[in-house]
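Student: Chain residues, written in single-letter form:
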Amino acid sequence: MHNDTLVEIEDVAFGYGARPVLKGINLTARRGQVIAIMGSSGCGKTTLLRLIGGQIKPGQGKVRVAGESVGELDSAALYRLRRKMGMLFQFGALFTDISVFDNVAFQLREHTDLPEDTIRDLVLMKLHAVGLRGAAHLMPSELSGGMARRVALARAIALDPMLVMYDEPFAGLDPISLGVTGNLIRRLTDTLGLTSLVVTHDVQESLKIVDYVYFVSEGVVVAEGTAAEIRASGLPYVHQFVHGEADGPVPFHYPAPSYADDLGLRRQGA
Amino acid sequence: MNKTVLDLWVGLFVIAGFAALLFLALKVGSTSAVSASNSYEVVARFDNIGGLKPRAPVKSAGVVVGRVADIRFDNETFEAAVTLRLDKRYAFPKDTSAGIMTSGLLGEQYVGLEAGGDSEALKDKDRILITQDAVVLENLIGQFIYGKAQEGAPQ
Amino acid sequence: MLKQSIESLGNRTIQGVWRIGFAARFFVAMLLHSGTAFRRFGLTIREMYFTGVLSLIIILVSGLFVGMVLGLQGYETQQRFGSESALGTLVALSLVRELGPVLAGLLFASRAGSAITAEIGLMKATEQLSAMEMMAVDPIARVVAPRFWAGVISMPLLAALFSAMGILGGYLVGVLLIGVDVGTFWSQMKSSVDFEQDILNGVIKSVVFGVAITTIALFEGYDAPPTAEGVSGATTRTVVTSSLAVLALDFVLTAFMFRGLN
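If you read the sequences in order, they're chains A, B and C. Taken in order, the first sequence gives residues 1 to 270; the numbers are from this note's numbering. Taken in order, the second sequence gives residues 1 to 155; the numbers are from this note's numbering. Taken in order, the third sequence gives residues 1 to 262; the numbers are from this note's numbering.
Think of the hints as simulated: they come from the structure by calculation, not from any bench. Treat the hints with care, as some may be off.
As the list claims (entries may be wrong) - Below, simulated DSS-like cross-link-like pairs (lysine-lysine); rule was C-alpha separation at most 30 Å, straight line:
#  : chain 1 : residue 1 : chain 2 : residue 2
1  : B       : 88        : B       : 27
2  : C       : 190       : B       : 59
3  : B       : 88        : C       : 190
4  : A       : 84        : A       : 62
5  : B       : 148       : B       : 123
6  : C       : 190       : B       : 53
7  : B       : 27        : C       : 190
8  : B       : 27        : B       : 53
9  : B       : 123       : B       : 94
10 : B       : 125       : B       : 88
11 : B       : 53        : B       : 94
12 : A       : 57        : A       : 84
All values derive from a computational prediction rather than experimental measurement.
Pulled out of the complex, with its shape left as it was, chain A reads as follows (with noise of 0.2 Å):
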């Protein structure tokens, strides 16, 4: 174990229900690094990232966070641990009524008692790092899908946080917001001496900026590696992945009967 690791998971388990999720996951993440956690659709991602979030406990296993086990914290302690960390949501999740200046202000409103200009400089500042100083006096029903990101981007770094994760932050983005959102991370990462952990289904955004990459298929860590490796990676599930092929370890069908049972061609006396 390393001296300088900020986020430790340890043969993490969690089932929503009788549904398990995560069955049993290792996955270790450096100071200074961006690492990627990728996988398919529905397989434990973000769940993966509400328990470093501490909003759900693990089932069997230890989730630490510099040093701390997020599930056995009491609340306050939790918050306190919270503030040290920042959250991209898929979509943002910024505060549709209130604009987009009062969204990055928000944390240094309720954490601290700055002065009302020192709190207009940081925000500006914050702001500006992502590129959007001029939209401070929008409404976030006025931004784009892409601006919004950034916004909550520089809402999620307000307190200067030692990790930030981002849930999705390349779905649903045209190439040229990709691309500024991907160099963004990377940049913030570097500049501000962040962790950042990454989790996403796009390969070769990601695979461009991160240090390290985990996939996660059935609730399990299937490959890990640095981005070069994973492009050379011979797995079938990496490469299928990585290449997006249509059929391969994953199948393109839902499991289902047989075609012909379904469509009654094999009915009996037919």
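Add chains B and C to chain A, keeping to what the hints say.
Tutor: Then chains B and C, alone, in the frame of chain A:
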């Protein structure tokens, strides 16, 4: 929405709401409950109180001087013990009589006080001795019919 | 077949009990986390604008019309018994005791309650509540509790405004239109409407309705499945459940408050 405009509207709303409450309290309703510190209680016993209810007014010469505080059935004398709470400003002689009256033909019932001539005044927890029961319409009609029958009977 | 229906009955019972338990815990959490709603009263004032001020128009207009109808119908009925002088009493008593709190409550449920549910439901569906949680801000304290207190404060004010407008409507029709004596109208009203028994009990009723409606609305929103159907279903349930709650609570409260009178 500008914050000051919003505050202004909410302020107006609260003022209007309290104005409405004040209007209800002052213009629509009145406090009938005579407070305990400004009143004294006397008891009057009746054989029949008719439809008298707690909080019915107590009037003297048509002016409200108090309220009926409590009505109880005395299982020893088989009478109704009615507690009257009277305003301290009004003092009544000891031999005041109380009767149960009806306002109008079918209106609400109240307790009427008729002052006597005694020089001593009623005090707290005193008892009004002279009482007049409620007029029960059925009895009245019954008496009337009986009287008619008596008249018409051959001597 | 029988086994299945017994199973489904059991399942529904468990679901229902679970939901009631969840609602109770939600209510307690809301009360426990109310500090913010008062420490930063600006949050509550903001919500009072949306629940209270925006409900004003419908409350005032409905109150006026209900009072006018009461004036007409009351006069029509009372003149048969020659007691049209008691018109003021009839209008005022029915408004402050029953119609004011109950109708204001029903209107409040459909105007403000549904809006609260839809708003909270959408905030949940778009992950705004989750985002807030991840920003170490408790959504119960920051979002739910201020709305609750705004509703509880607004409701009695709205009910009082409804009653006052209704009495004004009764006065308009009874005195100005029909010609009941103006002095009789007010003095009869004043002599038979008791401040504590009638007006104060009406206010208590409206506070209770405010608590019930906002709690139901907030809970339905907070518990809504994060989909379009989920939120629309929750909004409908808010209006239905809180209207029924208002009527049922009204019966219970009336039974307690006015039992001694008759």
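Student: Give a verdict on every hint.
Tutor: Each hint tested on the structure:
1. Pair hint residue 88 of chain B plus residue 27 of chain B holds up; C-alpha atoms about 25 Å apart against a cutoff of 30 Å.
2. For the suggested pair residue 190 of chain C and residue 59 of chain B, the alpha carbons sit about 17 Å apart, so the restraint of at most 30 Å is met.
3. For the hint pairing residue 88 of chain B with residue 190 of chain C, the CA-to-CA distance comes to about 23 Å; that is within 30 Å, so the pair holds.
4. Proximity of residue 84 of chain A to residue 62 of chain A is assessed by CA-CA distance (about 19 Å); at most 30 Å being required, the pair is judged to hold.
5. Taking the CA atoms of residue 148 of chain B and residue 123 of chain B, the gap is about 46 Å. The hint is violated against a cut of 30 Å.
6. For the proposed pair residue 190 of chain C and residue 53 of chain B, the alpha carbon gap of about 19 Å is at most 30 Å, so the pair holds.
7. Taking the CA atoms of residue 27 of chain B and residue 190 of chain C, the gap is near 7 Å; set against the 30 Å cutoff, the hint holds.
8. About 25 Å separates the Cα atoms of residue 27 of chain B and residue 53 of chain B, which keeps this hinted pair within 30 Å; it holds.
9. A C-alpha spacing of about 8 Å is found between residue 123 of chain B and residue 94 of chain B, which places the hinted pair at or below 30 Å, so the restraint holds.
10. Of the supplied pair hints, the one linking residue 125 of chain B and residue 88 of chain B holds, its CA atoms being roughly 13 Å apart against a limit of 30 Å.
11. Distance hint between residue 53 of chain B and residue 94 of chain B is fulfilled; the C-alpha atoms sit about 24 Å from each other, no more than 30 Å.
12. Note on residue 57 of chain A and residue 84 of chain A: the hinted pairing holds, with a Cα-Cα distance of about 19 Å set against a maximum of 30 Å.
Violated hint: 5 only; the structure is consistent with all others.
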